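A.B. asks: Single-letter residue listing:
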Amino acid sequence: MVLGNYKSVVAARSTDNEILKGAQDGGIVTQLFAYALEEGIIDGAIVAGPSDEPWKPEPVIATTKAELLAARGTKYTLSPNIALLKEATRSYGLDRIGIVGTPCQMQAVRKAQLYPIGMRDVPDKIALAIGIFCMENFPYQSLEAMVEDHCNVKLESVKKLDIGKGKFWAYTERGAVAQIPLKVTHKYEQPGCHVCLDYVSNLADVSTGSVGAPDGWSTVFVRTQNGENAWGKAIAAGCFETKPIEEVKPGLDLVTKLATEKITKNQKTLEARATFGVGKGLRNPYI
Amino acid sequence: MDVEKKVEKTKEEMPVVEKITVGHVHLSGCTGCLVSFADNYEGLFKILDDYADLVYALTLADVRHIPEMDVALVEGSVCLQDKSSVEEIKEAREKAKVVVALGGCAAYGNITRFCRGGQWNQPQMESYVPIAELIDVDLYIPGCAPTPQQIRNVCIMAYLLLKGNDEQKELAGAYLKPLMDLAQRGDEACGCDLMYDVINQGLCMGCGSCAAACPVRAISMEYGKPNIDRDLCIKCGACYAQCPRSFFNFDVMNEFEGISELIKGVME
Ligand SMILES: Cc1cc2nc3c(=O)[nH]c(=O)nc-3n(C[C@H](O)[C@H](O)[C@H](O)COP(=O)(O)OP(=O)(O)OC[C@H]3O[C@@H](n4cnc5c(N)ncnc54)[C@H](O)[C@@H]3O)c2cc1C
Ligand code: SF4
Ligand code: SF4
Ligand code: SF4
Chain F
1 MVLGNYKSVV AARSTDNEIL KGAQDGGIVT QLFAYALEEG IIDGAIVAGP
51 SDEPWKPEPV IATTKAELLA ARGTKYTLSP NIALLKEATR SYGLDRIGIV
101 GTPCQMQAVR KAQLYPIGMR DVPDKIALAI GIFCMENFPY QSLEAMVEDH
151 CNVKLESVKK LDIGKGKFWA YTERGAVAQI PLKVTHKYEQ PGCHVCLDYV
201 SNLADVSTGS VGAPDGWSTV FVRTQNGENA WGKAIAAGCF ETKPIEEVKP
251 GLDLVTKLAT EKITKNQKTL EARATFGVGK GLRNPYI
Chain D
1 MDVEKKVEKT KEEMPVVEKI TVGHVHLSGC TGCLVSFADN YEGLFKILDD
51 YADLVYALTL ADVRHIPEMD VALVEGSVCL QDKSSVEEIK EAREKAKVVV
101 ALGGCAAYGN ITRFCRGGQW NQPQMESYVP IAELIDVDLY IPGCAPTPQQ
151 IRNVCIMAYL LLKGNDEQKE LAGAYLKPLM DLAQRGDEAC GCDLMYDVIN
201 QGLCMGCGSC AAACPVRAIS MEYGKPNIDR DLCIKCGACY AQCPRSFFNF
251 DVMNEFEGIS ELIKGVME
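Protein chains in written order, with the working numbering: chain F, 1 to 287; chain D, 1 to 268.
Just so you know, not all the hints are guaranteed correct.
[Unchecked claim] Quick partial rundown of chain F residues pointing at chain D, CB under 8 Å, derived from the structure:
no.	residue
1	P80
2	I82
3	R110
4	A112
5	Q113
6	G118
7	S157
8	K187
9	P191
10	G192
11	Q267
12	T275
13	V278
14	G281
The set of hints was computed from the structure by calculation and includes no laboratory data.
Bear in mind that the values here come from a model prediction, so they are computed numbers and not experimental data.
Quick reminder that beta carbons are idealized off the backbone N, C-alpha and C, glycines included.
This is chain F alone, in the form it adopts within the complex (with noise of 0.2 Å):
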């Protein structure tokens, strides 16, 4: 259950090299977006676009193309994605909603279709939510921390962040590279990631992450039946190339292992906050 319900898992990568080529991984989560666009399975997508600093993302509601491209590749910094869930359907008009998230932001759609209290006429509305995988996260005065101080390159250089292989990643436009140990990155995460139970985006409709495929692909987990719709078709349409899990290197096993990892590490950090002060804990959202 570490992984979530899934319909079926693959390996796969955009066919699109416009895409591919500003993509975090395999451009799964732009591509399908774009597809699902054109077909009219959406009429727009919340993603983490730019803002007027460099890399701190803008929640935007794309609806062309040309925004979901401006919003590839992976912010390791807050992008508040659901704020902007209820406005989709009011000033912006839309009726069926794409939404990419982290696993976190992925049970804030949920809960608002199950318990929507502050979102009138939201519920019906998400057409296709996309999760992607996520160990923890950063407020940006962190990612600052680790892209200038540790990494010593300015943010404004930086064509691509990225965590893997145990080390924090940043690319700059001008070919260099700086790497610095996971462990280093630990202590400004985002304190609220140390409760979270979630590594593959569980409820989404289809997830999607790095972990588990080679570089330049991804993982993909089809999960619900709006899930499978839109990705069944955008296969049909010669969207994605796609392997089976089970011929690539490392597959899901590196998958199982790190969302069982994160899991019970935050279970235990849930555990100590019962017990947290003198007789007294903190609260638990989850009973």
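Use these hints to put chain D with the ligands onto chain F, whose structure you have.
C.D. replies: Just chain D with the ligands now, with coordinates in the frame of chain F:
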């Protein structure tokens, strides 16, 4: 004579006998909660056709006094200086199996928290309290206004809880539990809840649900964390209730697809 017979006959042929009885009790509210219920459009007719008889609602039906009922949807807070309001809320508690605080005013006081009297022609009417100040409340539906979909879900689940088979009862119980827990948690709400019970507790993960939920845009996300304009806040309680780090019941959420289908199914 003939007419009476006819009426009786039609009654006997009604397809659903196992409906629950629901009433709408209007205290110091604005009727927006009831409008929200009605904004289920044909869904409201479906609920009234198959699952619930509306036995009391001064806005919609000519029943003058609070009858016995399974579920009382109470809208509005209580004015302590208005004798009949105080009596009415007590009577609602006596007559209803389940008392629901419908909307921010009944649950948390909401805008009536700001009342302080001094207006013609009852300048002495200055004290307004959420209903849980005076009676035990079983369940909260926060929000100003509460959403049509949340009211619909509670009606369906209350029906399943009272009239369903064992499996349905279990599902309905699990679904309603966090809304019952909210009723136990207390009757004070504010954007500050996000500080006290989420951020200060080390639980905020910056999703932005609170900002989306706020009806008055009092919450903006700054560097990924909510910033609350407390002078704009009307104390409705939506932000905290909608926050995925207030309650997140995995047993129910993991079944989101099935439950959404179920709700869609029973409303068709
Ligand atoms: C904080 C964070 C931690 C992650 N940790 C892991 C991990 O441990 N293991 C793993 O396999 N994968 C992880 N990922 C996912 C991975 O980095 C890629 O985002 C994912 O594989 C999608 O790549 P893609 O090529 O399909 O997407 P692209 O086509 O490049 O599109 C990426 C999409 O993600 C959105 N996005 C970018 N940043 C954010 C953000 N901060 N919040 C919400 N949406 C955002 C963009 O708007 C864009 O639509 C993480 C992502 C984030 C944001
Ligand atoms: S670790 Fe969990 S809480 Fe933190 S950003 Fe990722 S999904 Fe959200
Ligand atoms: S809704 Fe999201 S951003 Fe707002 S307090 Fe809760 S976790 Fe934080
Ligand atoms: S901040 Fe907004 S949502 Fe929260 S209690 Fe105040 S008015 Fe309601």
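A.B. asks: Next, verify each hint and record whether it holds.
C.D. replies: Evaluated hints:
1. P80: Holds, because the Cβ-Cβ distance from F:P80 to chain D comes to roughly 3 Å (cut-off 8 Å).
2. I82: holds (4 Å)
3. R110: holds (4 Å)
4. A112: holds (7 Å)
5. Q113: holds (6 Å)
6. G118: holds (3 Å)
7. S157: violated (22 Å)
8. K187: F:K187 check fails; min Cβ-Cβ to chain D is 14 Å, beyond 8 Å.
9. P191: holds (5 Å)
10. G192: holds (4 Å)
11. Q267: violated (12 Å)
12. T275: violated (15 Å)
13. V278: This hint is violated: F:V278 lies away from chain D, its Cβ roughly 17 Å from the closest one there, beyond 8 Å.
14. G281: At 10 Å from the nearest chain D Cβ, F:G281 fails the 8 Å test, so the hint is violated.
When the structure is compared with the earlier hints, violations turn up for hints 7, 8, 11, 12, 13, 14 and for no others.
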